[in-house]
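Below are the chains, spelled out letter by letter.
2 protein chains.
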Amino acid sequence: MTRWKMTISYDGTDFVGYQIQPNGRTVQEEIENVLSRMHSCTPIRVVASGRTDAGVHASGQVIHFDTTLVLPAERWIRALNSQLPTDIRVLEAETVHDTFHARFDTTGKRYRYKWDIAKIQQPFHRNYAVHGIGTPSIELMKEGASSLIGTHDFSSFCAANTSVKDKVRTIESITFVLVNEELHMVIQGDGFLYNMVRIIAGLLWEVGTGRRAVDEVKEILHAKDRKKSAKTAPAHGLYLEKVFYE
Amino acid sequence: MTRWKMTISYDGTDFVGYQIQPNGRTVQEEIENVLSRMHSCTPIRVVASGRTDAGVHASGQVIHFDTTLVLPAERWIRALNSQLPTDIRVLEAETVHDTFHARFDTTGKRYRYKWDIAKIQQPFHRNYAVHGIGTPSIELMKEGASSLIGTHDFSSFCAANTSVKDKVRTIESITFVLVNEELHMVIQGDGFLYNMVRIIAGLLWEVGTGRRAVDEVKEILHAKDRKKSAKTAPAHGLYLEKVFYE
Chain A
1 MTRWKMTISY DGTDFVGYQI QPNGRTVQEE IENVLSRMHS CTPIRVVASG
51 RTDAGVHASG QVIHFDTTLV LPAERWIRAL NSQLPTDIRV LEAETVHDTF
101 HARFDTTGKR YRYKWDIAKI QQPFHRNYAV HGIGTPSIEL MKEGASSLIG
151 THDFSSFCAA NTSVKDKVRT IESITFVLVN EELHMVIQGD GFLYNMVRII
201 AGLLWEVGTG RRAVDEVKEI LHAKDRKKSA KTAPAHGLYL EKVFYE
Chain B
1 MTRWKMTISY DGTDFVGYQI QPNGRTVQEE IENVLSRMHS CTPIRVVASG
51 RTDAGVHASG QVIHFDTTLV LPAERWIRAL NSQLPTDIRV LEAETVHDTF
101 HARFDTTGKR YRYKWDIAKI QQPFHRNYAV HGIGTPSIEL MKEGASSLIG
151 THDFSSFCAA NTSVKDKVRT IESITFVLVN EELHMVIQGD GFLYNMVRII
201 AGLLWEVGTG RRAVDEVKEI LHAKDRKKSA KTAPAHGLYL EKVFYE
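Sequence order for the protein chains is A and B.
With full-length UniProt numbering, the residue at position 82 of the first sequence is 82, and numbering never jumps.
With full-length UniProt numbering, the residue at position 125 of the second sequence is 125, and numbering never jumps.
Hint data in this document are derived by calculation from the structure and do not stem from the laboratory.
Please read all numbers here as calculations on a predicted model, not as lab measurements.
Treat the hints with caution; some may be incorrect.
Any copy will do: because identical chains look the same in the list, a pair fits if it lies in one copy or spans two.
Unchecked claim - Distance condition first, Cα-Cα at most 25 Å in a straight line; then the derived SDA-like pairs of lysine to any residue: (1) Lys242 / Glu181; (2) Lys228 / Glu216; (3) Lys231 / Ala159; (4) Lys5 / Glu29; (5) Lys242 / Glu182; (6) Lys227 / Gly202; (7) Lys231 / Leu69; (8) Lys228 / Pro22; (9) Lys142 / Asp87; (10) Lys224 / Thr135.
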């Protein structure tokens, strides 16, 4: 039995999310179906670093699974990519110790949130960046973001319907990059609560476009109350970009 | 009656082409349907600078139509974009002289052909750039392209099933640009034959990846024979980028 760690990419547009659920197409199910076919219909369980919601993309999600099939990494990548639907790609594959766990061993994650700031959005980008109405001040967004860096209770930035008790997380960095007519927020931390990146994106966009004062970010953080915060920004601007391990 | 000239953008993925045809969804039909609705069901005929094939994109197609509706340009753009499907956007609108003709008055066009040269293509790009297998030499592609610049009979670069008699066209420039992990060929000329850009793209890719010698480009051009040339490159790498008028 060998444990494989793989880095995968998927276009979240046509999925109801990463994780298998009773209704709708999921990334996990598509991968498990292909693996099962490769193992004479034996079910293979795939474990990811975490789930992603409907419409959310991943350019660097990490999964692991166990197999008795012996193939070099390049062959694994080719075999999977030739059978997977075109909206999922395996980018990298390596064998790991049989105690490696894609979810429990993560030490951090990096997400990217993309706004298209063109006056009219080219249709090619419609599923891959949120069309931001208004001209944001990146300086204001940076200022607002600075209050969130560090270790805090992020209750104000966590979807209400979550069972997670401990809402303390550490954000290591939030940076903003202009790429042609897109504004990207790149956020890295030790872990993120449910919808945390999208609520932060929603709030910082409001700050950048002048709908909220910069000082409100700190107030909202201290309030520890989801209701005080901004609306969750749309799913299709979000990318899980990198998962870190020791 | 006012004649409007509009610049539009569309994602060719889910269209059978620009021009109305008996079976399948077309860009022209979608626009005419919206215009007809705006004119109490009076049919409005839309004329484009030229057709594009199934899967081919446009970031700067030009159309014209006549209307009795009086609206400022910004209102026209908003009204159309709120009713058009999300894979078509109106980018610009201006009134023109009633003798302006989107097709007959063109003095030139610019196309862009995109290859994704990443080892494994991220799924987000799968409909928007052709995954080029192999590492192309841009120098060789430039050398090959140089033989095509100027006024020539491009019979070797024209789909066989065309009724056009005069196959002489002028290519003003062919440039190559590296954008992250994409290689773009930008080609500008006074007009292009059916499939001409895609056949040129197919040939120059073969030259760049060493499957054909640079000298063959000249030989193929002089042969004036479609069969001597390369395979037509896939549609989804091609963008109609700009249409020129006097």
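Going down the list of hints, with the structure as the test:
1. Proximity of Lys242 to Glu181 under the C-alpha cut-off of 25 Å is found in both arrangements, the shortest distances being 23 Å within a copy and 18 Å between copies.
2. Taking the closest pair of Cα atoms, Lys228 and Glu216 come within 25 Å of each other only inside a single copy of the chain (10 Å); across copies the shortest separation is 68 Å, beyond that limit.
3. Taking the shortest alpha-carbon separations for Lys231 and Ala159, only the intra-copy value of 10 Å comes in at or below 25 Å, while the best inter-copy value is 52 Å.
4. In this homomeric assembly, Lys5 and Glu29 come within 25 Å of each other (Cα to Cα) only inside a single copy, at 17 Å, whereas the closest approach across copies is 48 Å.
5. Taking the shortest Cα distances, Lys242 and Glu182 sit within 25 Å of each other both inside one copy (20 Å) and across copies (21 Å).
6. For a Cα distance limit of 25 Å, the shortest separation of Lys227 from Gly202 inside one copy, 13 Å, qualifies, whereas the shortest one across copies, 56 Å, does not.
7. In the homo-oligomer, the alpha carbons of Lys231 and Leu69 never lie at most 25 Å apart, since the shortest distance is 46 Å inside one protomer and 39 Å across protomers.
8. Taking the shortest alpha-carbon separations for Lys228 and Pro22, neither the intra-copy value of 33 Å nor the inter-copy value of 54 Å comes in at or below 25 Å.
9. When the C-alpha separation of Lys142 and Asp87 is checked against a cutoff of 25 Å, the pair qualifies neither within a copy, at 33 Å, nor between copies, at 33 Å.
10. When the C-alpha separation of Lys224 and Thr135 is checked against a cutoff of 25 Å, the pair qualifies neither within a copy, at 29 Å, nor between copies, at 52 Å.
Violated hints, in rising order: 7, 8, 9, 10; the structure is consistent with all others.
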